[in-house]
Amino acid sequence: MAKQVLVVDDNEMITFLWKLVLENGNYVVSQVNDGASALEMLAANRYDCLIVDYHMDDMDGLALTEKIRAMPGYRPVPIIMIIAERDQELSESARIAGINALMTKPVHPDSLLDIIGRLCPLSV
Numbered sequence: 002m003a004k005q006v007l008v009v010d011d012n013e014m015i016t017f018l019w020k021l022v023l024e025n026g027n028y029v030v031s032q033v034n035d036g037a038s039a040l041e042m043l044a045a046n047r048y049d050c051l052i053v054d055y056h057m058d059d060m061d062g063l064a065l066t067e068k069i070r071a072m073p074g075y076r077p078v079p080i081i082m083i084i085a086e087r088d089q090e091l092s093e094s095a096r097i098a099g100i101n102a103l104m105t106k107p108v109h110p111d112s113l114l115d116i117i118g119r120l121c122p123l124s125v
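Count along the sequence shown from 1, then add 1; that gives the number in our numbering.
Since the hints were derived computationally from the structure, they do not count as laboratory data.
Beta carbons: idealized from backbone N, C-alpha and C, even for Gly.
Hints should not be assumed to be uniformly reliable.
Stated by the list, open to error - In silico DSS-like links for lysine-lysine, alpha-carbon gap of 27 Å or less: (1) LYS68 - LYS4; (2) LYS20 - LYS106; (3) LYS4 - LYS20; (4) LYS4 - LYS106.
Unchecked claim - Across the chosen pairs, the derived CB separations fall in these ranges: (5) ASP11 - MET72: 31 to 39 Å; (6) GLY118 - SER92: 16 to 24 Å; (7) GLN89 - ALA3: 21 to 29 Å; (8) ASP88 - GLU24: 30 to 38 Å; (9) ASN25 - GLU67: 29 to 37 Å; (10) PRO107 - ALA71: 14 to 22 Å; (11) ALA3 - PRO73: 31 to 39 Å.
Full structure from sequences and hints, please.
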């Protein structure tokens, strides 16, 4: 069965790009452009992996992750966070919040497919 991925980024062009990349990698992708919409989608659907941007208008990726980790059934779901630049303090905060992987922009499509393939393999 195909793995369900939710992409959360306030840049619509980025969510569209990741949707294309992931669908070409045989994932089923939903996309939203803010944290509040992500929480609504997560409450109504079941996802196998999440990709969230750190910088968003309504809440950052860490705050969103903390809310997701508090939702029933989402504690073990892999979350990949996209960040603008690597920062030791942010990396530690991400680990504490429950982020499984950090990727620094610009993210190469093959790198994203590699990480999501390791965290959320299609053949499980």
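Structure-inconsistent hints, enumerated in ascending order
5, 7, 10, 11
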